[in-house]
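Single-letter residue listing:
Number of protein chains: 8
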Amino acid sequence: MDQPDPRTTDLGFARVDVDRARRTGDPEVVYGAGKTPAQVVEILRTLHQRHPERAVLATRLDDEARARVAAELGAHVDDQARAATLGPLPHPRGTVAVVSAGTSDLPVAAEAALAVRVHGAGVDLITDVGVAGLHRLLGVTDRLEAADCLVVVAGMEGALPSVVGGLVGVPLVAVPTSVGYGASLGGLAALLAMLNSCAPGVSVVNIDNGYGAGVHAARVARQSVPR
Amino acid sequence: MDQPDPRTTDLGFARVDVDRARRTGDPEVVYGAGKTPAQVVEILRTLHQRHPERAVLATRLDDEARARVAAELGAHVDDQARAATLGPLPHPRGTVAVVSAGTSDLPVAAEAALAVRVHGAGVDLITDVGVAGLHRLLGVTDRLEAADCLVVVAGMEGALPSVVGGLVGVPLVAVPTSVGYGASLGGLAALLAMLNSCAPGVSVVNIDNGYGAGVHAARVARQSVPR
Amino acid sequence: MDQPDPRTTDLGFARVDVDRARRTGDPEVVYGAGKTPAQVVEILRTLHQRHPERAVLATRLDDEARARVAAELGAHVDDQARAATLGPLPHPRGTVAVVSAGTSDLPVAAEAALAVRVHGAGVDLITDVGVAGLHRLLGVTDRLEAADCLVVVAGMEGALPSVVGGLVGVPLVAVPTSVGYGASLGGLAALLAMLNSCAPGVSVVNIDNGYGAGVHAARVARQSVPR
Amino acid sequence: MDQPDPRTTDLGFARVDVDRARRTGDPEVVYGAGKTPAQVVEILRTLHQRHPERAVLATRLDDEARARVAAELGAHVDDQARAATLGPLPHPRGTVAVVSAGTSDLPVAAEAALAVRVHGAGVDLITDVGVAGLHRLLGVTDRLEAADCLVVVAGMEGALPSVVGGLVGVPLVAVPTSVGYGASLGGLAALLAMLNSCAPGVSVVNIDNGYGAGVHAARVARQSVPR
Amino acid sequence: MDQPDPRTTDLGFARVDVDRARRTGDPEVVYGAGKTPAQVVEILRTLHQRHPERAVLATRLDDEARARVAAELGAHVDDQARAATLGPLPHPRGTVAVVSAGTSDLPVAAEAALAVRVHGAGVDLITDVGVAGLHRLLGVTDRLEAADCLVVVAGMEGALPSVVGGLVGVPLVAVPTSVGYGASLGGLAALLAMLNSCAPGVSVVNIDNGYGAGVHAARVARQSVPR
Amino acid sequence: MDQPDPRTTDLGFARVDVDRARRTGDPEVVYGAGKTPAQVVEILRTLHQRHPERAVLATRLDDEARARVAAELGAHVDDQARAATLGPLPHPRGTVAVVSAGTSDLPVAAEAALAVRVHGAGVDLITDVGVAGLHRLLGVTDRLEAADCLVVVAGMEGALPSVVGGLVGVPLVAVPTSVGYGASLGGLAALLAMLNSCAPGVSVVNIDNGYGAGVHAARVARQSVPR
Amino acid sequence: MDQPDPRTTDLGFARVDVDRARRTGDPEVVYGAGKTPAQVVEILRTLHQRHPERAVLATRLDDEARARVAAELGAHVDDQARAATLGPLPHPRGTVAVVSAGTSDLPVAAEAALAVRVHGAGVDLITDVGVAGLHRLLGVTDRLEAADCLVVVAGMEGALPSVVGGLVGVPLVAVPTSVGYGASLGGLAALLAMLNSCAPGVSVVNIDNGYGAGVHAARVARQSVPR
Amino acid sequence: MDQPDPRTTDLGFARVDVDRARRTGDPEVVYGAGKTPAQVVEILRTLHQRHPERAVLATRLDDEARARVAAELGAHVDDQARAATLGPLPHPRGTVAVVSAGTSDLPVAAEAALAVRVHGAGVDLITDVGVAGLHRLLGVTDRLEAADCLVVVAGMEGALPSVVGGLVGVPLVAVPTSVGYGASLGGLAALLAMLNSCAPGVSVVNIDNGYGAGVHAARVARQSVPR
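As given, the protein sequences belong to chains Z, H, X, A, S, R, Y and U, one line each in that order. Just add 27 to the spot in the first sequence (first one is 1) and you have this note's numbering. Just add 27 to the spot in the second sequence (first one is 1) and you have this note's numbering. Just add 27 to the spot in the third sequence (first one is 1) and you have this note's numbering. Just add 27 to the spot in the fourth sequence (first one is 1) and you have this note's numbering. Just add 27 to the spot in the fifth sequence (first one is 1) and you have this note's numbering. Just add 27 to the spot in the sixth sequence (first one is 1) and you have this note's numbering. Just add 27 to the spot in the seventh sequence (first one is 1) and you have this note's numbering. Just add 27 to the spot in the eighth sequence (first one is 1) and you have this note's numbering.
The hints are simulated quantities; they were obtained by calculation from the structure and are not laboratory data. One should not assume that every hint holds.
Derived coverage of chain A by chain X (criterion: at least 3 residues anywhere in the stretch with Cβ under 8 Å from a Cβ of chain X; other residues may be distant) [what the hints assert, rightly or not]:
| # | stretch |
| --- | --- |
| 1 | 196-206 |
| 2 | 237-246 |
If you want the ones that stay clear, here's a sample from chain A, every Cβ over 12 Å from chain X, calculated [as the list claims (entries may be wrong)]:
| # | residue |
| --- | --- |
| 3 | P64 |
| 4 | R72 |
| 5 | H118 |
| 6 | P119 |
| 7 | G121 |
| 8 | R163 |
| 9 | R170 |
| 10 | S230 |
| 11 | N233 |
| 12 | R249 |
For each residue, glycine too, the CB sits at the ideal point set by N, CA and C.
My request is simple: use the sequences and hints to build the entire structure.
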């Protein structure tokens, strides 16, 4: 019943927005949760054909989807991030430091890091610097200050963004993770902590939303470096 | 019992952190809630004496506090933002568009705008562009695209950041407000909506935290413009 | 121990209300969740025998239940809506536009659309018009205005009903879906957003309750067209 | 900084949307909460001057605001609804039955009733028919069936919409109220109950939102009666 | 390390309280959730040996546990209640009417009914009398009035206890069930509704706690009939 | 518009249900919250005139309302319960032990005790027996066992009903109070604790609802004593 | 009706537990919230007369109560803690370091410090060491390590206990405060953060419960020092 | 990219903190949730090699992980605690009484007990002393008083810490468990109850966090006994 729209491509099971790059300057992205591996393959293929010169990102891919996009499309798979890219990554402009608290937060940090790269900035990944062992965090202050934007990932009590935000004045996006149990309430405890950070200028995204934080940070970092 | 610390000044009722500018590049700020007007006056005076060459900001000031800082210190008062500044505002680098949905959201937007100015960026204030009357928002798309960072303020259902984030690719910080009643739960409904925005790259601060959003946005805008 | 009641039929595992049509003018409906495929077949068969001249609806059917009602009863199955009908659909009176935000919201929209048809109105299905890509929604304003009632389906931040409700004055029922993760709280974020809509006249049903919205909208649309 | 827009009137403290009637067919409305009596007077006056031929509605007015709009503008005040109208009410098309459970729910029911009238439908007000005394409700079944739409208002356990919705098949909008204490959670208990109604087709608005329910119901009732 | 206590029997994996009957006049009960079928068999056997003259109850038994207590101990199994008894049921004193709203509430109602019998009262089971079809409930008013205590079981909006409590003055215990989805929040909506009942004297137990309601009601009914 | 109904008396501001005693065997009750002192006086007077031979109860009366019902009607006032009665109390049948944990819980316990008396049973009031000082509670076990029903009132952690319910087998209604702060969440902590009591047969009413518990308990106690 | 109990003293409006010191080794304490100044005076006087040789503590006293206990009893008043003591403080055994994050947390820290002293330990008060300025906290590590127990007080995101708990292995009790706004939810955000601390061995008390933390810490510190 | 740090050992999938014992005096611990059995084996082996003279603890191990650490490393497995230790346990200093309410709480109590032993204190395990059968708890008062610290474990209504805390003055850490259903909200009901305990000095850890309570208690007990 709907009219065809030149700004979308209809695959039957999905209308792919092939106009977003023009509107916002960002690449196309496939959110894999709830899609079959075959659907992910088909959407990635379509987007890549429209824009072979730049990378397309697919996130939240299960094992089978990651295997199939690699085998059928030659996509580059990042198992820790549970994601894949197809097409050449852009040349990085500016740097985002992706900082994570514990080992269990790594998948979210990896998703953020990949999103940063696909959206055009470079990444400095700093892991295992949780607040219960401050010496490690204090040892990387120079790297924090050198970044154009920070993505700070933590679960449980979500204290890391406050500590980092007190050390340096770089724009900071905090990502709460669902790591924890009981009164962590699936990540709500960390989310609330980050929203109440006593360090000024901390902004926050949804629980486990490494992708969203990466997009925000890449936009900030990109425009911090003159072309 | 504590040792004196050159990085703080002890007023008896508060230890003022006079080292923050060096650490993070940002000005000093006084959070006025829970402080007496006399305390606000005293802290503002102390901070101003240490750094007379740049502005100090005081937020969440009641009527009496605003009157006294104006009378006793010659501070500049912003009644809508319920805030005051003392000392010269910095020359603006970059531009933050502060966008608000409804009339009741104006105090939070005004606090954000003032924080942006004090933290060194310029402001383009765009008000009354709630999603229930799209024509007004669509009419200012050029101004949204011209900004280096966006602060988007909305209460009730908190839909405005999603709509704005779908129009332009500028870094965006969303501020939920406590405007609403019943199932708005004091702003939690808007906060949750913004955290779940379908537009990528939307980051969020605490309910009514115009100040925090302004700090984040000013940092982003400042570094987007080469010195 | 209970007395037999002419207004119900006792199947042993359920008492089927065969009087509802007389009382409310609506068809019989089987809610399939928690029932075995055999029970669904049996109830559908019974209701159909009592009223062979009009359609009976069964919702929330798993794959096996849908397969069996098709094979054993010749029911018409709607896989996207996860539902089935048995008996002729009524002639449509009035039109309900069922509007959905994203691909993941389609099952709920499809359930709503089928409920509308079974309850006697016609459907105009408008999909993939999420608020992050306004151009698509603005392109279908004429169809929104032409409807007698709107069912607007959205997950995540649940902003679509506010935007639609600001464009046209048609009665509008909003359906939050459980699409999302983290702070979407299983659809509560979208539900709260819709209850706080700044567009007047938006009413809301339970999360994922396409059926309930369809019933409400069909009643409104039916009576909007003189017989 | 904003361009003037012929569709709004700028009063300094508010931009009044004077275009809504054209867009949605509904009258202008002033939400009085958070506005001073002087502001309410000014907005009402402005809207009335633009459209003297039809009523303007102001809701959530405190005692002083109601007194002033009566004295200064000759507005018609409804103390129970805490609201006022200025200009002639439209000729009613169709009927909305506004049904309320207890005495404490009356202000919300009255606001709904007035909103119905201002939005162009007639009202049949049925009060004190709470579920703990069914005989009264059963005595008014004919009036429920005669309505084109129902607004059902209840606090505490919010059971009334389920019982009414089981009696008749008329479109029904439920309004939870904040009447109650303790585990009523400010009306959330009633809101949740109504969202989970076992009667099909019940839709719900925000706690105490008589106005919103009235708008929805009036639209339904108006279009149920051929011009 | 603990001293042996004549009032308990130690099975290694559990200390069985064999003194409760003396202290409270009630039979022993085994809560089966989280226990292996072998443990349930062993505890039932032990309790039965201590008190062969009266029934022991085991609740929340899965299919295997029910099969084994029947096969190995000759226990009487109630599949709907997911429970079993071993030993002769007591002669009933007084009557508890167990009233349930919908088919899905039956397991909880059955557990309540069996608990009533084991705790010494008689049962009148009244099912499928949900509030959306009042005629059925009104048809059993005599049976409600004839009972010494009422157990009223309902999920979704939990309205049935309010309606029943308005019809008769018999002591009433309400049981919310987890039947529902979305905003039913696993039964919390029904629980809150029942706690806010406008009918006086309604008391409430935990979600799905048919057993607890049955114990309360049996105690009330037993003592209502002189020995 | 409504028809007069012999079962109610219309006072203009309220329809008084004068039929409840016939239907449920209980006296009339006025819930004073949200009513003016003048309204309370008028309703009490009306109910008393219809049934001068038995007591009418008014609860939740502020200081002025209590003073006026005493002065104008000669009502008996209970300041601790914040309630009043008019007319002779019934001869007590059976005994309810009202047990409270701390001094701050006394107003709720007093309301429960008065409701018990008005609804026809006798009261044994046992106060200050919180679980942090068990010796006092263990010293009154005989009085607990002698009662026909127990009302157990506690705030904070709400542990008292579990301890009492483990000591005796008398029917028990628990009343959580709003006594506490912080994580007591206005009484929700105590409410949840009571709903999860490990002692079987504990039923619960709303926070601070001494009246409701008293009605339930009085009904139980009354029928436990043969006429 | 109750029997006199030698372990309590009945003041009419309260039964004072004069046996607690024997049972738990701790002094008597008066919780002033909800008590009149006259009642506080009377209870303090009574407790002091029974045990003139040791201090009695009264917490949560408003201005008038503090003034009256000073004037009428000669009590020692601590305005910041909003508390008072009567009688000689015990000789301190062991040391509790009371550590607080921000100026607004001082009243809770002061209550904790006074409770520690009254319960027999010494205090080292360390203030204004919030995580957004780590240099101050790192400068007092020696004092943290020298303590026998730590009480760590923080509002907003509640991160301080995690950082302190990562620095030293001293037993630590965390106290969330209600300092914050919006998503701090009255201190729940800080409470949840502390319960999810990644530093092992952190235990937590209720929001603003400086007293409870002080009691726990004093007990730990006292027994850490051999008599 | 990170620099090597002598205080950690990098296993590729985790950086093991081998410096914690020096910093806090506590042993290394492996949190097994979310780790593969092979990873648990590898981390345990590494930590043991660094400190063969003292025990390393691994918690939250599933059946396979426990089997493999026993078979491959000769670790000592505690099936009830779902944990394992490798290396000699330290000589116990002081005693922690671990007290649990019901059989279902035993795994959490066992984890606490093992953590106490590994962290250097002795354990007195007291089980099945729930508040619904006080006689058992009162029978062990001597053992409670003899302990240097108490860990009190309970699910459902979480009342046990309040009762224990009223009996003795020993430092007490409460552990809520997730035992329960419905309104227990996964252990939140018990958690809230414990935070609101009327017994002074009760501190609380996260739901099911036997380990954290054990660490706190062992630290307290160790330092209570002079070396």
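Exercise. Was R249 (chain A) rightly flagged as not at the interface, with every chain X Cβ beyond 12 Å?
Worked result: violated, 9 Å
Exercise. Non-interface claim for P64 (chain A): all C-beta distances to chain X beyond 12 Å?
Worked result: It holds; P64 (chain A) is separated from chain X by about 23 Å at its closest Cβ, greater than 12 Å.
Exercise. Can we trust that R163 (chain A) is non-interface, i.e. its beta-carbon lies farther than 12 Å from all of chain X?
Worked result: Holds: least Cβ distance 19 Å, greater than 12 Å.
Exercise. Looking at P119 (chain A) again, its CB stays over 12 Å from all of chain X?
Worked result: Label holds. Min Cβ-Cβ 16 Å, cutoff 12 Å.
Problem set entry | Least C-beta distance from R170 (chain A) to chain X larger than 12 Å | Check passes; 16 Å lies beyond 12 Å.
Problem set entry | Consistency of the no-contact label for N233 (chain A), given chain X and a CB cut of 12 Å | violated, 5 Å
Problem set entry | Beyond 12 Å from every chain X Cβ - status for H118 (chain A) | holds, 18 Å
For this session: Check the non-interface label on R72 (chain A): least C-beta distance to chain X beyond 12 Å or not.
Result: holds, 22 Å
Problem set entry | S230 (chain A) remote from chain X - nearest C-beta pair above 12 Å | violated, 4 Å
For this session: Please count how many residues of the stretch 237-246 of chain A have a CB within 8 Å of a CB from chain X and say whether that reaches 3.
Result: Coverage by chain X holds here, the residue count being 6 at a Cβ distance below 8 Å.
For this session: Tell me if chain X covers the stretch 196-206 of chain A under the three-residue, 8 Å CB rule, please?
Result: Since three or more residues must qualify, the claim that chain X covers the stretch 196-206 of chain A holds, with 5 doing so at under 8 Å.
Problem set entry | Outside-interface status for G121 (chain A) - nearest CB in chain X farther than 12 Å | violated, 9 Å
Figure legend: structure checked against the earlier numbered hints; hints not met, in rising order: 7, 10, 11, 12.
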